[in-house]
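> Okay, here's what each chain looks like letter by letter:
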Amino acid sequence: MTIDTLVFFLLALTAVAAAVGMLMSKSAIYAALFLILNFVTVAIFYLILGAPFIALSQVTVYAGAIMVLFLFVIMLLGAEVLPPAEALPWQRPSAIVLAALLFFEAGYWLIVRSPLSGALTHPPAALNDTSAVREMSAMLFNQYLLPFEVTSILLLVAMVGAIILTLREKQKKEGGA
Amino acid sequence: MVPVSYYIILSSVLFTLGVAGVLIRRNPLVILMSVELMLNAANLAFVTFARQYNTYSGQLFVFFVMTVAAAEVAIGLALIVAIFRTRRSIDVDQMSSLKG
Chain F
1 MTIDTLVFFL LALTAVAAAV GMLMSKSAIY AALFLILNFV TVAIFYLILG
51 APFIALSQVT VYAGAIMVLF LFVIMLLGAE VLPPAEALPW QRPSAIVLAA
101 LLFFEAGYWL IVRSPLSGAL THPPAALNDT SAVREMSAML FNQYLLPFEV
151 TSILLLVAMV GAIILTLREK QKKEGGA
Chain Z
1 MVPVSYYIIL SSVLFTLGVA GVLIRRNPLV ILMSVELMLN AANLAFVTFA
51 RQYNTYSGQL FVFFVMTVAA AEVAIGLALI VAIFRTRRSI DVDQMSSLKG
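Listed in order, the protein sequences are those of chains F and Z. Anchor point for the first sequence: position 29 equals 29 in the working numbering, and the numbering is continuous, going up by one each time. Anchor point for the second sequence: position 60 equals 60 in the working numbering, and the numbering is continuous, going up by one each time.
Hints in this document: simulated from the structure, not taken from any laboratory. It should be emphasised that the depicted structure is a prediction, and the values quoted were computed from it without experimental measurement. You may find that some hints are simply not true.
[Stated by the list, open to error] Estimated spans, in silico, between C-beta atoms of each pair: (1) Z:Tyr53 to F:Phe72: 36 to 42 Å; (2) Z:Ser97 to F:Val133: 45 to 51 Å; (3) F:Ser27 to Z:Arg85: 37 to 43 Å.
Yeah, the Cβ is synthetic: ideal placement off N, Cα and C, and Gly gets one too.
My request is simple: use the sequences and hints to build the entire structure.
Below you can see the structure in the form of structure tokens.
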């Protein structure tokens, strides 16, 4: 077993364990912290796969911004642990069965029906090599310019929408209009 | 190097765990986190294939997926806050007002 495989299995174990921990933890705060661990592990996978820009975006956008938003809302609502209520009795076993079915389905189509051949052969770019990022940004602003502009509109819409949704309606009470 | 199929299997395991999270949990915050986990698993598959075919398109697509995920989380959390304000509870089992 080479060092690459060993590192892969250690990281994969961490990622899966963090995901299972997120599923099982009673408190939403622990779930969020487990998810951050999962995101950081996946970011290390991106580094191994030769995508340093995506790895750093993952840490800043996902583990940084998005999860801070999550933790902020959890603490704002004070709803980290839901009061025990009677759950649907068949929900958990049927969910596990359906998820296992999905996994075998995906495995069947991805591995058995269309075997992915071979190891990753292309050597990854060095981490301090900026040519990959330069090439990527040239592609982003030429070939993918329209999707890039559309995402800017999407973010603007999301920002306005989030403000509208959480705005308290003061005009109705004060002006009566 | 590690075979491509290992990464794809890891990606499908993480995706399945995300699906199980959406189906099992009753806290909408954890459900949103599970959706993030699924998007993350898809991103891992994208980066793996980008590496295998030696192209940057896959990495750029991950970039777009991250943007959409950020927008989705902002709107989803705003909805949860709005629901909590009106109903004082965020248990998804109790959000059955529209039931006929």
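> Would you list, in rising numerical order, the hints stated earlier that this structure does not obey?
Checked against the structure, the only hint that fails is number 3, while the rest are satisfied.
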